[in-house]
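K.L.:
Chains as they are written, first to last, in numbering that gives the first Met the number 0: chain L, 0 to 767; chain Z, 0 to 286; chain S, 0 to 159.
A couple of the hints might just be wrong.
[As the list claims (entries may be wrong)] Computed from the model, here is a short list of chain Z residues facing chain L with C-beta under 7 Å:
id : residue
1  : 189
2  : 233
3  : 263
4  : 268
Read the hints as simulated data drawn from the structure, not as lab findings.
Quick reminder that beta carbons are idealized off the backbone N, C-alpha and C, glycines included.
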Amino acid sequence: MATITDQGTAKVGAQVGRSVPRLEGRDKVTGRAEYTHTMRLSGMLHVKLFRSTVAHGRIKSVDTSAAKKLPGVAHVVTIEDVRKVIPDPYYGPAFHDQPILADGKVRFVGEPVAAVLAADPHVAEQAAQLIVAEYEELPAVYDEVEALTSKVHVHDVLKPAGTFADLKHLKDAKGTNLALDYRLRRGDVDKAFASAAHVFEHEFRTQKVLHLSFEPHATIADYKDSGVTLHTASQGPSFVRTEIARLLGWPENKVRIKVPYLGSGYGSKLYIKLEALALALSMIARLPVKVALTMEEMFYQITKHPSTFRIKSGVDKDGKIIARKCEVYWNGGAYADIGPRVTQKSGLTASGPYDIDNVWIDSYALYTNMTPAGALRGFGVPQLVWAYESHTDMIARALKIDAVEFRRKNLLREGRPHPTGTVLKDAAIEKVLDRLVERINWKQPMDRGTGVVRRGRGLGIAIKAVISPTTSVAIVNVSADGSVALYCGTIDMGQGSDTAMAQMVGEVLNMPAESVRVVQRDTDVTPYDMGTLGSRSLFHMGHAVRRAAEDAQEKLKALACEVGEPEGSNIPIPALFVKKYGMQAGNVIGTGIYKPDYVPPAPGTGLSSNVTPFWMISGAGAEVEVDTETGHIKIAKLISVLDIGKSINPKIVETQISGAALMQLGFTMFEKMHLDGGQVTNASLADYKIPGFHDVPTAMENLTVDVTQSNGPFGAKGVGEVSTFCVSPAIANAIDDAVGVRLMELPLNPESVLRALRVKAGKPLGDE
Amino acid sequence: MIPFELAEPKSLTEAIKLLAPDDAMVRPIAGGTALMLMMKAGVFHPTRLVSLGKIEKKYSGIAAGKDGLRIGAMTTLSALEQSLDMKKLAPVITRTLRTLSNVRVRNVATVGGALAHADPHMDLPPVLIALGASMSIAGPSGERELAVEDLFTGYYETVLQKNELIAEVRVPSQDGTRAAYMKVTTGSADDWPALGVAVALQSDGNAVKSARVVVSAATSKAMRLPGAEAALAGQRIDDKILARAGEAAANEADFIADVRGSVSYKRELLRVYIGRAVRAALESGAH
Amino acid sequence: MTARTIHFTLNGAPVTADIKPHHNLVELLQTHFGLTGARESCGQGLCGCCTVLVDGRAVSGCLFLAVRIDGTEVVTIEGLDAGGKLNPMQEAFVETGAFQCGYCTPGFILMANQLLDAHPDPDDDQIRHYLSGNLCRCAAYPQIIDAVKLAAKKRKTIAA
Ligand SMILES: Cc1cc2nc3c(=O)[nH]c(=O)nc-3n(C[C@H](O)[C@H](O)[C@H](O)COP(=O)(O)OP(=O)(O)OC[C@H]3O[C@@H](n4cnc5c(N)ncnc54)[C@H](O)[C@@H]3O)c2cc1C
Ligand code: FES
Ligand code: FES
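Pulled out of the complex, with its shape left as it was, chain L reads as follows:
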């Protein structure tokens, strides 16, 4: 695989802009990095969960007697036992809708119904197999479009958490599966459609896929009446602390959340996952308790949202899009998790990076009887881009306009209002498109082949707003020997944030990033951060870290002044402390807080003059080869072009771009959770396949454009998700270019391609 990389960034300073090798590299290559999944505390009990086998049902009985009798079993716990220690055992970030163990009802296959605790995990496993449950099965709803009008209701009453203002109206709502409806109304779409020269309407769907981080979910809770400590694989320890404190009715200072390295997350370890259960079990056992999932069990924890997107565009005679109507249905599964936020935050960019006067967006978060869905590398945006960039290509094709020309005609340009009303700034959409067109040789003719194998190329561009408004806090601690430690809550789950943050500290304090220590995440020590999600950290925490370092710098200057150093003195820091305290003693503590300005979308219209502090922009181009006899697709080339502002660490940026693009390649080509009556039929790595070495495109280009994010820390902004956005439509567009068939549903697997080819040839394949 040939890889071209070109960051196109000038060095900002000695630390920022340099490809510093990851600070934690040594721990990772020697196998000594610590992860929650392999941690042990002495006296700890292991847990095996007994899970529901029905998708929707009332629990008639749970017989745990045989399990309890098995020698070595410490406890067998159901919701009744949990209620004795936590009277209101419901949790969740947007809704308090998820019970710690199934409570009266089960809502998806795989939902935990009982937990067995034992010192020996094999005993727990054996005992869990002895539990027997009886259910009165209820009709279930799986499809997101059906869920909107279905008579089957996953929850009897909705219970919004109160954290989010736009969910308040749903409190105590009955008889609905709708967990949020976000709307955007700009101009008058109906009038525009009536006057349009052409109207196009399509429906696109995405499948259920999951994060499958290689370290499965794991939490160890160690409860004492004086306080509780949780070691957990979490992307958001601050939120976990708040939620655990709420469940206990305790002040936050009695709850301590510690997070070692994460064997990645991609959104799966956000908000609260196993922590509430581990807490309850530790309270019951009065011992440390570890809940650690197997890879198979991750299929029952959290997934990406399947979606249906109905998109309709009106185009005038000159090829200008004058109206776009978007109806997006998000399949949220049995518990809301962060689905309502996905629905709103991605919903607002559903009309794409285009300048359209009349826009109508309805975005629905829906409950269904499946594994809950949450954020997965893109917070819903990849699902949207899949639809709008396929749709855009289809329009260009139908109007016989070159796909790039058509996009150019309609691009949202700097200084123009996005459909939300927020004026576009620092969003290099056009530059990204230019670079893409150049790298994919768009203007040169392509040899499309004549035999069994046909070739084609395609591209797509996208926009995303960051989750807003969110807060980050950082502390920079200068010790008397001049060494520096950074305390920040951003979780380095592989994206390299520790290294990037250390670079920013080093830049301000003029010292090598390698010498800055980033303290392990521990809520007793590291200050508040909203969470490591949505590519927000480099921007938000980056600013907080920069401010903390600047604050420390100011304080060092003040100290120098105080001890009588002349203005501009470059006295070494250790000497400064000695001068002040007479020996190597004392600290200088710098703090920084960052929360961007934000105007919430107006209810009803979704409009806002400041909906995001920065825009994420990306494009992807693909060249494919299609085997017309079998439908197999080979990706000959995959190009990603991103606007990430300035690059803090070009090497890490490159791995983020290629890693995210390859992950999305899996979601595009073959990853799919197969479901039969709510039961996942391929819940293991043997049957749920992810990209391996042989699935990497023959050539990959991971590029950025040379721009600056003017309000970003050192000109930078986030990158973690950005190259996922356009991979799916770029490939679907390339397939259409090669063989003239259009796929409307992911994944683009060989069978779907062959079926489409056969339909086109008038010889459709049978349904067997």
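Based on these hints, arrange chains Z and S with the ligands on the given structure of chain L.
P.N.:
Coordinates of chains Z and S with the ligands only, in the frame set by chain L:
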């Protein structure tokens, strides 16, 4: 995994004695790669496993003779992959092993396990059937000879009695055979196949005298396709003949739908891949 | 079920452990020796996160019964940086940034060393082929190829 007893006999005969003719919860374990998966998934709860790890060394070696190769059942797939005798006799096996699972599994998994497990997605059975391989089966009352093509009765099912063991696999001489195996995946490149096709041809240039054609993965067991074989035998290969053989194969195989493809799709794949496999065999050069 | 005592060499040192027939190699290393570099992810022999060398051959610890370790020589990732000096492959992984979360990294490093033992100067195709039985969900594949090539160079320089 749930606890069980492990016996480690020192001889094949002793191992057979430790097996129980009527107890499905007692089983032999060789490399353990397939059994461990089943035990971890909770689909198999043995009370006792009889390890073949310590039986006579002769069951883990490859011996070349005039009439072909004798491969001990405990030979690891890595040893088979690296065997120069094997490569000389039937390079198609060496090639097949390259994409069979991964280095770690091949270092541990055995030839006996690769046959007895009887998962229809496995790669060796179709190739061995195409090459006309046979086995020596040892039981309480001695050894018997069985063709690999007669081993499988269905999905994960064989004719083996619960107290019988595969002792040895024999691959006959392959003078003039041209063979190929095609593993067709529809998920990631390293997925289990949606279809496996093995062909072994006796041919003179493009003119096929006789053919053995085997399908796997798309069906409940690896099996020969006599219709396709007949369509190829005595023919000079061209697109028309291949289409006819593909058609015959598509009509005679009994497909199973799963997450890797529907019946209709697998039928199409087989139709196409019969031709591709025959061409690959012809291009591979004689053994 | 009956426990038994096994004796083996672990990263060069003779050790013993009391285990049961149903314990696997990953558990043995983690619970008895506190070594967590081999870790279970897929649990099915597919990802390679649990890679351990037994008598010089790579195996998936998740599918390997611990009893089979009796009398063997076992090397884990923790045995590679003897005396605090990184192995050339480890250095190469750090220098090329061939990982993100690092969960799969020990397995890749052990396998990649096996590859270089067999093919000291591998091309892209050999690397891809040999390592195709290891998976990385962070998809650091392009950088892993760079790392293996760099390590091959480093090994040659050391040998010269
Ligand atoms: C990650 C992974 C990937 C794989 N990929 C592939 C692949 O791509 N292609 C492929 O073909 N296979 C693949 N396999 C399957 C692999 O080939 C089998 O697991 C292996 O061959 C079984 O051999 P074993 O010695 O480990 O058998 P064991 O697990 O020990 O036994 C398997 C079965 O055979 C029985 N048995 C073993 N030896 C004998 C004997 N001598 N006589 C009678 N019965 C016996 C056992 O009782 C058991 O029922 C894969 C396996 C794994 C774990
Ligand atoms: S955990 Fe053993 S190979 Fe994946
Ligand atoms: S680095 Fe995360 S799985 Fe490989």
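K.L.:
Decide, hint by hint, whether the structure agrees.
P.N.:
Comparing the hints with the structure gives:
At its closest, the beta carbon of residue 189 of chain Z sits 5 Å from a beta carbon of chain L; the interface hint therefore holds under the 7 Å criterion. The restraint placing residue 233 of chain Z at the interface with chain L is violated, with a minimum CB-CB distance near 26 Å, outside the 7 Å limit. A cut of 7 Å between beta carbons decides the hint on residue 263 of chain Z: the least distance to chain L is about 4 Å, and the hint holds. For residue 268 of chain Z, the suggested interface contact is upheld, since its CB lies about 6 Å from the closest CB of chain L, less than 7 Å.
Hint compliance for this structure: hint 2 is the single one not met.
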